[in-house]
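Asks: Sequence:
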Amino acid sequence: MPLARTHGRPGLPSPPPVLASAQDPSYSMVNPMPIPLRSPHAGLAALVREPARAAPWATALLVIALGVSLAQLTWRIPAPLAGIPVAVPAAVDVPPVAPGGGEEASLETVAGLHLFGRAPREATARAVPVEAPETRLRLELKGVVALETSDGGVALIAGEGEDERHYRVGNDLPGGATLEQILPDRVILSRDGRFEMLRLPRERLEARAVTPIPGAGDTGLASALAQRREAWLREPRRFLEVVRVRPVMSGGRLKGFAVSPRREAALFRRAGLEPGDVVTAVNGRDLTSVGDPRAVMEALASANAITLQVERDGRSRTLTLPLGP
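The sequence shown lines up with residues 0 to 324 when you count with numbering that gives the first Met the number 0.
Everything labelled a hint here was simulated from the structure, so no lab data went into it. It is possible that part of the hints are untrue.
As the list claims (entries may be wrong) - Below, computed lysine to aspartate or glutamate pairings styled on DMTMM-like, alpha-carbon distance capped at 25 angstroms: (1) Lys254 with Asp312; (2) Lys254 with Glu310; (3) Lys254 with Glu163; (4) Lys254 with Glu240; (5) Lys254 with Asp285; (6) Lys254 with Glu273.
As the list claims (entries may be wrong) - Pairwise CB distance ranges (calculated): (7) Gly275 with Gly250: 37 to 47 angstroms; (8) Glu133 with Gly160: 13 to 23 angstroms; (9) Asp171 with Ser249: 39 to 49 angstroms; (10) Arg243 with Gly158: 37 to 47 angstroms; (11) Pro132 with Glu240: 50 to 60 angstroms; (12) Asp162 with Pro132: 18 to 28 angstroms; (13) Arg135 with Pro183: 20 to 30 angstroms; (14) Pro128 with Glu161: 20 to 30 angstroms; (15) Glu161 with Glu130: 42 to 52 angstroms; (16) Arg198 with Glu240: 37 to 47 angstroms; (17) Pro200 with Gly175: 19 to 29 angstroms; (18) Gly283 with Arg252: 13 to 23 angstroms.
Ideal Cβ placement from N, Cα and C applies to all residues, glycine included.
Input sequences plus hints: build the corresponding full structure.
Replies: The following block contains the structure:
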């Protein structure tokens, strides 16, 4: 509210107050400095201009995208078994014994009770082919990560008009199909008792590299990751002891974040990364246009796999890191 000024001499009634405004030359109120408002969608590009503020966000994003995923690639130590389940015999009806059946009839009756349960039927293994007719379902294979285990891997598949999701062998897909096998450049589906094939689009094969990730078996690496995982989650900055993160600018704009190992280069390469790789997107989110980095971290915290878009030697490639079952 503008200030009021009064005129008059002592002992004389004062005239009505006159309101002063900002246009009045005699207005002596000092206007406060305008408070700059920051758009919530300013993005990471603005943070790069202030290195002190950009470092925490860059660290947090890369910690979630790389550190957590590495710590959970597929080497998860199973929890100790709470106990061995005991087979419960199925309830059966006891048939009446005809009089005069003798000992032979009694033995047949006892045998028919299945006192120790029934023997499980042998599962009939069905061979899954590596080639099959192209599926007619409106599905798009966005990316794959093929593991060296027989039933391992993750496939990034999108239904018509839907966002892509991560699927594992045995998961149901849109359209009533089931994912049966994941190969480096295609996946095998089953639908209505028939096998079908869904391939990566040719342009994706040419522009991106699919990086196979070894299956569980490297106990030394699993132990090292297990020791570091909790420390990285508690103190994200400790991730910088292993990975160097540097923002990359192009034409005055943020292009992505270059990553390279500080120590333990073998651990870095195990994820499929190479020194100087520029991470431009995480799970489909462009790092140069993320409005709120916290939203990215929340999404990654609940994801069952992480897909990194990486530029290497002028080419774009996709690295998909599973986060466990």
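Asks: Hints the structure violates: just list their numbers, smallest first.
Replies: Violated hints: 7, 15; rest satisfied.
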